[in-house]
Structures are given as structure tokens and as C-alpha cells.
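The task is simple: from the sequences and hints, build the whole structure.
Chain order of the listed sequences is A and B. Mind the numbering: the first sequence is residues 7 to 449 in the numbering used here, read in order. Mind the numbering: the second sequence is residues 43 to 347 in the numbering used here, read in order.
Hint data in this document are derived by calculation from the structure and do not stem from the laboratory. Think of the CB as a built atom: it goes at the ideal place given N, C-alpha and C, for glycine as much as any other residue. It cannot be assumed that every hint is accurate.
To be verified - Derived, one-sided and incomplete: chain A residues facing chain B with beta-carbon distance under 10 Å:
(1) Y103
(2) Q400
(3) D431
(4) F432
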Amino acid sequence: MLKTFKIGGVHPAENKLSASKAIEVLALPKTVFIPVGQHIGAPAEAIVKKGDKLMVGQLIAKSSGFVSANIHSSVSGTVKKVETGPDTSGYPKMGIYIDVEDDIWDEQIDRSADLKSEINLDSAAILAKIQNAGIVGLGGATFPTHVKLMPPKGMKAEVLLINGVECEPYLTSDHRMMLEHGEELIVGVKLLMLALNVDKATIGIENNKPDAIAKMSGLAARHKNISVIPLKVKYPQGGEKQLIKAVTGREVPSGALPISVGAVVTNIATTFAVYEAVQKNKPLFERVVTVTGKTVKNPSNFKVRIGTTVSELIEAAGGLPENCGKIINGGPMMGKAFANTEIPVSKGTSGILIMPEKEAKRSETMPCIRCSRCVSVCPMGLEPFLLMTLSERQVWEQLETEKVMDCIECGSCSYTCPANRPLLDFIRLGKVKVGALIRSRKP
Amino acid sequence: MTTIILYTVLTLSIIGVLSAIILYFVAQKFKVYEDPRIGQVETALPGANCGGCGFAGCRAFAEACVSKGELADLFCPVGGNDTMSGVADILGIVAEKKDPRVAVVRCNGTCEHRPKTNFFDGPVSCAIASTLYSGDTGCQYGCLGCGDCVVSCDFDAIHMNPVTGLPEVDDEKCVACGACVRACPKTLIELRKKRPKDRKIYVSCRNQDKGGVARKSCAVACIGCSKCEKECKFDAITIANNLAFIDSDKCTLCRKCVSVCPTNAIIEYNFPPRKVVVAEQPVSAPEKPIEVMVPISTEPKSSEI
Numbered sequence: 007m008l009k010t011f012k013i014g015g016v017h018p019a020e021n022k023l024s025a026s027k028a029i030e031v032l033a034l035p036k037t038v039f040i041p042v043g044q045h046i047g048a049p050a051e052a053i054v055k056k057g058d059k060l061m062v063g064q065l066i067a068k069s070s071g072f073v074s075a076n077i078h079s080s081v082s083g084t085v086k087k088v089e090t091g092p093d094t095s096g097y098p099k100m101g102i103y104i105d106v107e108d109d110i111w112d113e114q115i116d117r118s119a120d121l122k123s124e125i126n127l128d129s130a131a132i133l134a135k136i137q138n139a140g141i142v143g144l145g146g147a148t149f150p151t152h153v154k155l156m157p158p159k160g161m162k163a164e165v166l167l168i169n170g171v172e173c174e175p176y177l178t179s180d181h182r183m184m185l186e187h188g189e190e191l192i193v194g195v196k197l198l199m200l201a202l203n204v205d206k207a208t209i210g211i212e213n214n215k216p217d218a219i220a221k222m223s224g225l226a227a228r229h230k231n232i233s234v235i236p237l238k239v240k241y242p243q244g245g246e247k248q249l250i251k252a253v254t255g256r257e258v259p260s261g262a263l264p265i266s267v268g269a270v271v272t273n274i275a276t277t278f279a280v281y282e283a284v285q286k287n288k289p290l291f292e293r294v295v296t297v298t299g300k301t302v303k304n305p306s307n308f309k310v311r312i313g314t315t316v317s318e319l320i321e322a323a324g325g326l327p328e329n330c331g332k333i334i335n336g337g338p339m340m341g342k343a344f345a346n347t348e349i350p351v352s353k354g355t356s357g358i359l360i361m362p363e364k365e366a367k368r369s370e371t372m373p374c375i376r377c378s379r380c381v382s383v384c385p386m387g388l389e390p391f392l393l394m395t396l397s398e399r400q401v402w403e404q405l406e407t408e409k410v411m412d413c414i415e416c417g418s419c420s421y422t423c424p425a426n427r428p429l430l431d432f433i434r435l436g437k438v439k440v441g442a443l444i445r446s447r448k449p
Numbered sequence: 043m044t045t046i047i048l049y050t051v052l053t054l055s056i057i058g059v060l061s062a063i064i065l066y067f068v069a070q071k072f073k074v075y076e077d078p079r080i081g082q083v084e085t086a087l088p089g090a091n092c093g094g095c096g097f098a099g100c101r102a103f104a105e106a107c108v109s110k111g112e113l114a115d116l117f118c119p120v121g122g123n124d125t126m127s128g129v130a131d132i133l134g135i136v137a138e139k140k141d142p143r144v145a146v147v148r149c150n151g152t153c154e155h156r157p158k159t160n161f162f163d164g165p166v167s168c169a170i171a172s173t174l175y176s177g178d179t180g181c182q183y184g185c186l187g188c189g190d191c192v193v194s195c196d197f198d199a200i201h202m203n204p205v206t207g208l209p210e211v212d213d214e215k216c217v218a219c220g221a222c223v224r225a226c227p228k229t230l231i232e233l234r235k236k237r238p239k240d241r242k243i244y245v246s247c248r249n250q251d252k253g254g255v256a257r258k259s260c261a262v263a264c265i266g267c268s269k270c271e272k273e274c275k276f277d278a279i280t281i282a283n284n285l286a287f288i289d290s291d292k293c294t295l296c297r298k299c300v301s302v303c304p305t306n307a308i309i310e311y312n313f314p315p316r317k318v319v320v321a322e323q324p325v326s327a328p329e330k331p332i333e334v335m336v337p338i339s340t341e342p343k344s345s346e347i
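Below, the structure written as C-alpha cells:
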């Protein structure tokens, strides 16, 4: 019996179309736009100005607080302007435009592909390197990793969990990463264990990736304290709290962080970025993005520089199909649709999903029939139908007592609703409003 | 048999009398004095419970009026000056007269003025659309067209025009309660001074982008050129963040700003037709009141970018 989390969960069609496609390096773009706010927390402050010459990996925006992250140039060239540019939301965000010239890397970066497995740094040095490299959670939440690795006073990390679940349908970037960079990932895990000062690490992988499980188990077998656990395929197992429950059996209390049960979770791509940052001195300026969809000519996994536009990625995957209905930033369950394709890839872009027109359209909304399917699939034990009604009627205070802030926005409720009710849309609105309410109470 | 009836009646009467005496003293002891004027003021109010005054219903407003004893910050927009003078009479004070106001939608981004760049497929709610993204056109400040204002109106005074995709206020019905102002996530609706014959002049735009960007996304966007500001002799027009604003308290409805606006962003409403001056191109001289402005090319002039 495979492990999984207890309550709720759904199993959407996996559609991992690009699982067998090796990671390709995308050609360099002509210009890039690198937003200064690519993470949760305060946006970084730009430290370059128009006309500055840049090398690949050079710091261009400095972290402006503890919960913030550095931003590095992903290309070499000249700063065209520091101005607002497009963002996934459509609202203009500050960023740096760079005209690409050649591909000159910072000399400190080790560009060789050799595996560097000996670790000769202590915890503080590793943390400093992670912080300087501007590493954030690459699973999509983009929470600065160094913050996660420094537990607040009085709390101690006991176990490190590596999230190789990739439960979102279509996305395959972490899967490919495990197959192609398993050795590096193990070094990354060891670095994270050292940084956190924990002696146990577990890699959780869903059972629909047997090749990745075999590869990682083989590598982990050489290390006593690293284990690989195959998990039952169930969405949203990649959610931090769900993964902790599945692997350790511990439940993160409402409103608390995973560290309160002694767990720290990092995703596969983040672990690889940690390896590169610490062992190769390479800051986070490129990531693997899955470009996929049933009508896409070549669903692929691309290694792209941050700041490349989405349109270039789509072009590389065979161009925009004719009957395209929606382009989604992320997977089909949690992703948000792009308003246009001239938006840059940022640290949080894990995939680009192109949906044909007939799949993209939402079906007509019907009245709620009280079937309680949303309640039974909610992995957080909430009552989505109630949260939606309260949000619709703008009863924010009651919404707060009904624990709307515990919602992880996995979309299982909307997916399962037989009446096609936009449950998650209203719950998200409720979260925005209740979040503002909570902030307004703080002095 | 009769004795049983007699005893029963007697016992019950004694219990009744005793209870009445106890209740009388309890009532005296726990008596809550309520100003009778609260009830009177409440009766004088319209009873719409719309919340336009900022209080939770007419009763709460009446309590506030009586407890404060003055009406400086208190005003019932639904009842207007008549109601407030009635309230003032009850309280024995004089009410300050306030100009009646009316809601105005400051966006003219109709389908032909503002081309759609994408299609919103989510639930029909401006609040949700605005938390997700900037909107289905190039203008991030403009109307989303999902009609949260229509839903919020208790007086049936605001409706979506299916042709333009924009909400329209019925001046007759609008009581300026401000519900739509609070409902609009883009803060497009403003309460402006009501003028004779419902005449209005206002900048029908909230776009704070630079001229070129604004013009590219919408043909009738305010580009902040400040021509109207120079034209206005009454200091009613101010320019801030690339956007003109006409103060309805200062505006004298002279209509000079309307003719100088290069993008037709300033709207005049309910005015008689202008006398056409020979050899001058009339910017707006329609026979009917202007509701939709004349479409102009969406291509921005190179000089404006």
C-alpha cells in the first residue's frame, strides 16, 4: 500500500506529454525583460541603470529585506532601460530590459558539466550562498529559500522533504530533472541537509514516474540518511502540507508553517538550483520550463534564461496551434491564463500549457445541488461550497472563521463540481479580501 | 367541585398579582431610557437601509444623529436636504444644506473605442476579474464590464448598456448612496454635484498611463495634455498622473474644455446643440445628447508616443 495524504484529493488525467523529451537548451533571446519582483515578499531594488554593461550572472537587483531575493542578469549585454513592463497579471511591474550581446559569463561561475560532490562548507556559508544566488521555491510559490532554511527561534527542523511529486497534470520539468541530473540532486539534498542541520532526508515521488523512482532510489541507496518514497498518484500531493502528511504522517496545524512539525520541503528544481549555486557559484537565472498541450507540435522541456518571452518558448515548441483557446502559466489545475504572450518567463514559471479552444471554455454554471463532492475532495478539510457562498455575499468575517486562509488553491473543488460552479474563483477573491482584512488589523 | 374551581381561580389570581408586582419593580430597576427622538428621526428618514450615510441602516443613523446632537458630518443622501431639515427640526437645530449629487461612470471605453485583447472566461464579477488580471483590453484602469455596480445598486439606477458594454446611470433614480462607488474595483464611479437639467461635464477616463500608451489602448483616453487645464478660467481642472480631473463644485458648465480636448475624453451631457461656427470643425455638435462619442482612429500619432 503506497503512502498518500488522508483527506480529499482528486486524480485528473495526467497527460504528461513531454515526459520522454530530454531537456533542451533554448537559443538565447535578443532582448530580455527581467522583473525585479519574481518572488513572494518585497521586490528587489534595481542596482543597474541604462547603458550598464552586464555579464551573465551579474547581480542586477538587490534583495530589499529578509523576505526578498536577489535578481541576477540571465544574459550578457547592455541595460536598455529600467522601466515597468508586462507581468502575468497584466498590471505593469518594474523590471530591467537588457539587449543581449554575446554570451559572456561571470568568471566565478563554473560552467563545466562535471559533478562536484565534495562539500567543504559549513551551514552558514551554504545559507549565505543560497541567499546571494537569489534562490526561491521553483515549484511556483516562489518563496525565498533562505528564509525557509532558517527556522524561527524555538523551532527545529527534523526532516528535509524533497518534493519530486509533480502532481500537476502535463508538467514534466521536475521529472526530467530527476532523470537527467539525479547525481547533482543528491549533492543538493546533502547541501540542504547540512544547511538545515538535519540528519534525515526523504524524496517523495509519485508512482506515475517509475523511471525517476528507480534512478533516485539507486542513487540514494549509497547514502544512509537519504531515502526515496514512492507515493500513490493523487492530486494535490505536491502541496507542501499534503506531502508532509503523506511522507511523515504529521499534520501541519491551521495557519502554521511546515516547520512547526519539524519539516522543511523543497522542490526538485530548487534543490538543483541550490547545487548549482553552492558548488558551481551559479546564481538562479535560468530554469526548466515545460511547454506542452495536446495540440502543441513538440511538447518539450526547455532550459530557458529568465526574462525570455513566452512567445519565444511557444515558437520553439512548434508555434502557436491554430485553435488555441487559452495559454496557461503553470498547470491546468492551479495555473492562471496569460493575457498575452509577450510576458517574460520568471522564476515561478514552471510550465506553459496551451489548451485547444473546446477544452479551454468553461461550461455553463448551474445551481449547487448540495452533493458535497467539493467537501470530500478538499485536501484541507474545508467546505468549498460554503466558502464560495460567503465570498459571493461578501461576509468576510465569517469567511475568516471558516478558515478560508487555509485554502491552498489546488482547484480540486472546481474540478470535481458537477454543476461547474466557479468555487475556486470566489474562494480566491475571499482570500484576497480576508488577507487585506487581517493586514488592516495589524498596527 | 365549586371549591376546587374557587381555589384554582384564587391561586392563579394571587400568582398573577404577585408576578405583576415583581415585574413592575424589575421593570423600574432595569429601565433603559431611550431618547424618544431616535424613533422620530427614524420615521423621518426614507427607510431604505442602503448604508449610503455610512451607517448600518436608518436606525443606526438616527441614533448617531440624536447622540451627536449636530448634523455636521451626517447626511442622508437618499432623503437629501428635505429629510435632513426634517431631522434638524426634530433635534431643534438647523441643518446645513448640501448639494445633491449623482453617480457618474468615468469610463468611455466602449467596444469600438477600446479593442479587446483577450476574453475573460471566469465568473461574471468585476471583483474577481480585477484580482486576477488587469482586464480584457489594453487599459488597466477601465471598466471591466461585469456589472458589480449594477448588482450593488438598491435603487435600480444603474444598468449595463449591452451595445457599449458600459454601465449607465439613470439620473432620475440615482440617490447618490455611493454603493456603486464602493463596488467598483477600478474606482471609476464618482459622486458629482447634480446640475440643473442633469447637465454634466466630466473627464470620462481614469487612465493614468502616459499619453502614447493610453491612446494606444483606448481611442478616447485622457492623455494628460493639459489643454483643458489651460482653457479653464475657473481653476476647476487639475492634471495629476497624466489624467485630467474636473472638480464638479468649481465647474460652471461653460463647455470650453470639451472643444479643446484632442481625444474627446471630456464628455458633455444633456446640453442643447452648439451653434456651429462657420469654418470651424465642430468637435461635438450632435443633435441628441452625447452618449457615445464619435469613434476616431485607434492608431496613435507618432508625435504622441
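How about A:Y103: closest beta carbon in chain B under 10 Å, or not? violated, 15 Å
With a cut-off of 10 Å, does the beta carbon of A:F432 approach a beta carbon of chain B closely enough for the hint to hold? Since the shortest Cβ distance to chain B is 7 Å, the answer is holds.
Let me know if the C-beta of A:D431 comes in closer than 10 Å to any C-beta of chain B, holds or violated. Where the cut-off is 10 Å and the nearest Cβ of chain B is about 5 Å from A:D431, the hint holds.
Do the numbers back the hint for A:Q400, that is, is its least Cβ distance to chain B under 10 Å? holds, 9 Å
In summary, the structure is inconsistent with hint 1 from the numbered list given earlier, while agreeing with all the others.
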